[in-house]
Amino acid sequence: MKIAVCVKQVPDTWAEKTLSAEDSTLDRAAADGVLNELDEYAVEEALQLAEAHGGEVTVVSMGPERAAETVRKALSMGADAGIHVVDDSLHGSDAIATSAVLAAALDGKGFDLIVFGSESTDARMSVIPAMVAERLGIAQLTFAQRVSVSGSDVTIERVTDYGFDTVTGSTPAVISVVEKINEPRYPSFKGIMAAKKKPVDTVTVADLGLEAATVGQAAAWSAVQDFAARPPKPAGTVVTDEGDGGSRIAAYLTEQKFI
Amino acid sequence: MTTVLVLAERDSSNGTAKKTTLELLTLARRLGEPQVVWFGDQGSEAASVLGEYGASAVHVVGGQDMADHPVVPIVDVLQALVAELDATAVLVPSSADGKEAAGRLAVRIGSGVITDAVDISESGVATQSVFGGSTVVHSTVTHGIGIYTVRPNSVAPEPAPTTCGVIEVDSTVSEAAKSARVVERTVAGKGGRPELTEAAVVVSGGRGVGGSEGFEVIEKLADSLGAAVGASRAATDAGWYPHQYQVGQTGKTVSPQLYIANGISGAIQHRAGMQTSKVVVVVNKDAEAPLFELADFGVVGDLFEVVPQLTDEIDSRSN
Ligand SMILES: Cc1cc2nc3c(=O)[nH]c(=O)nc-3n(C[C@H](O)[C@H](O)[C@H](O)COP(=O)(O)OP(=O)(O)OC[C@H]3O[C@@H](n4cnc5c(N)ncnc54)[C@H](O)[C@@H]3O)c2cc1C
Ligand SMILES: Nc1ncnc2c1ncn2[C@@H]1O[C@H](COP(=O)(O)O)[C@@H](O)[C@H]1O
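Those protein sequence lines, which keep their order, are chains A and B. Mind the numbering: the first sequence is residues 1 to 259 in the numbering used here, read in order. Mind the numbering: the second sequence is residues 1 to 319 in the numbering used here, read in order.
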């Protein structure tokens, strides 16, 4: 089985995120870049599927030069090869362009499964996997808390408001995973060493047969007009329970007209 | 007046229109004349409440076969209606299905898409609250028609009564939709309380609750306030409370008037789902718990002492 896993480099989860005053894009230089948390689960699931059914795992990422670290991280967890789309023209791309680039990078390579995280911690849109499925015209099996594969049949449990839906489709398919699905492994020392020798194909927008004018901020189909930091919330009142903690909350809620 | 399409969100337990649908109609009216797209039965019954909030028509898409395929049938119908009615904007709820449908529709019809809007102006400028509520962003769609997903509890529904016609949509499942099929639905919920994402008050429990029995204390407080119950991932992962009540990055995003967190430390992934709550009350025995930073009112203490006392006080005040 040929499996692709799409990973994104995002600012460190705990880092304060800001938009750049210059062009209203996420200020990526301001924080350390890490592998998007949910994509660790995606890599783990891809590796487990390859281990169970045989096959190769290719990491695919679109992002600036330094996103190569993120590709390496996934390789050090055990993925076999990488495709890194790097191009200055990509700066400021919206979800429309990102999905077009990823679809172009994935198309025609014979991937049976394309695994995503269900959300990036910076964009938080949860749309890329569905958009890539739309572009490639293949099954969308997303928000999975469980994946099972048997031959060309793929069955997932899609998390819903009321519990979950069992959804089936056949390969080739797009899968996105939630964090309940597995426990991502840590790269071993051996894995880190091995990753250095694994092949990473660095490609440009032109290599993918796309026009530079269709990606990046100027080509985006939505635009930020302005942004502002919300003034920090004034500090609240914190009291220590002296046998009256519940009553004090009740008094506060009464004052606030909740009760 | 131009047409604005609104995708209805229905209550999974009784099939009626969720409050989010009325919120969407309230915003849609600023942009044009709203018409609702309704999947499943009870669409004609809903016409009166939809009309009450300004919908001039509800397009009812019946047939179990449409409901048995995730997301794509929604995109197929929205695409057809956008073309037929020459719609200038589409508003969908910021649920998993809603966002995915919006994304796919954007690709298909060549439009920009804005997710998680908390407000939309007459001229189509969307307000988003990003980075855990620390930054407010105004954006517009600059290509095609405006496709927006809107967060629940962002605006108060305002009535604007009109007559809402019922139009049956005759639709068949497309080949694209057939590529994935729902074979079983598993309900793991606890009924009887308001829906988490639309509740005005949410009472949550975390690892500090200590076990599933501990959640009785949380549920009693919730019931005294007519609130929904939420949980941290530590609590859902431990199996103390069903997963779909998880609040946070990979759970629900809630924005209630009042959020009461009990025995929750305040990890960034939890905050991501509750940071925009209007008033936050925190009970935690550790004075250093980071969630106190967000608290409007906090009590450092044992939740098993504080919460029952609070519940008793509320019960006695309302009697
Ligand atoms: C990819 C990813 C996604 C995630 N998504 C989510 C998410 O959606 N939602 C989420 O919540 N988390 C999420 N997490 C997990 C998150 O990082 C935290 O681990 C989790 O929120 C911790 O839950 P908690 O606060 O209940 O537990 P803890 O951090 O263990 O905190 C328990 C708190 O209870 C207090 N306490 C203990 N006993 C009592 C008592 N008797 N009375 C009062 N207080 C008491 C303690 O002082 C402590 O502060 C995610 C993590 C990852 C990696
Ligand atoms: N630039 C990117 N390169 C590779 N994968 C991406 C990129 N952006 C998003 N993804 C994938 O899409 C998922 C959802 O992202 P989003 O729609 O931005 O919330 C992520 O978890 C990744 O798996």
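Don't read these hints as lab results, they were simulated from the structure. The structure displayed is predicted, hence computed values, not measured ones. The beta carbon of each residue, even a glycine, is placed where N, CA and C say it ideally should be. Don't take every hint at face value.
[As the list claims (entries may be wrong)] FRET-style restraints, in silico, Cβ to Cβ:
#1 A:244 with B:165: 54 to 64 angstroms
#2 B:44 with A:16: 46 to 56 angstroms
#3 A:231 with B:80: 24 to 34 angstroms
#4 B:192 with A:209: 23 to 33 angstroms
#5 A:231 with B:288: 48 to 58 angstroms
#6 A:166 with B:14: 16 to 26 angstroms
#7 B:183 with A:109: 27 to 37 angstroms
#8 B:85 with A:200: 44 to 54 angstroms
#9 B:143 with A:107: 15 to 25 angstroms
#10 B:288 with A:190: 49 to 59 angstroms
#11 B:143 with A:209: 47 to 57 angstroms
#12 B:166 with A:137: 31 to 41 angstroms
[What the hints assert, rightly or not] Coverage of chain A stretches by chain B, computed from C-beta distances (three or more under 8 angstroms per stretch; other residues unrestricted):
#13 59-72
#14 117-127
#15 145-152
#16 190-204
#17 209-217
#18 239-250
[Stated by the list, open to error] Facing chain A, a subset of chain B residues (Cβ under 10 angstroms, in silico):
#19 134
#20 139
#21 243
Each hint, compared with the structure:
| no. | hint | verdict |
| --- | --- | --- |
| 1 | A:244 with B:165: 54 to 64 angstroms | holds (58 angstroms) |
| 2 | B:44 with A:16: 46 to 56 angstroms | holds (50 angstroms) |
| 3 | A:231 with B:80: 24 to 34 angstroms | violated (45 angstroms) |
| 4 | B:192 with A:209: 23 to 33 angstroms | violated (55 angstroms) |
| 5 | A:231 with B:288: 48 to 58 angstroms | violated (25 angstroms) |
| 6 | A:166 with B:14: 16 to 26 angstroms | holds (23 angstroms) |
| 7 | B:183 with A:109: 27 to 37 angstroms | holds (29 angstroms) |
| 8 | B:85 with A:200: 44 to 54 angstroms | holds (48 angstroms) |
| 9 | B:143 with A:107: 15 to 25 angstroms | holds (23 angstroms) |
| 10 | B:288 with A:190: 49 to 59 angstroms | violated (39 angstroms) |
| 11 | B:143 with A:209: 47 to 57 angstroms | violated (21 angstroms) |
| 12 | B:166 with A:137: 31 to 41 angstroms | holds (34 angstroms) |
| 13 | 59-72 | violated (count 0) |
| 14 | 117-127 | holds (count 7) |
| 15 | 145-152 | violated (count 1) |
| 16 | 190-204 | violated (count 0) |
| 17 | 209-217 | violated (count 0) |
| 18 | 239-250 | holds (count 11) |
| 19 | 134 | holds (6 angstroms) |
| 20 | 139 | holds (5 angstroms) |
| 21 | 243 | holds (6 angstroms) |
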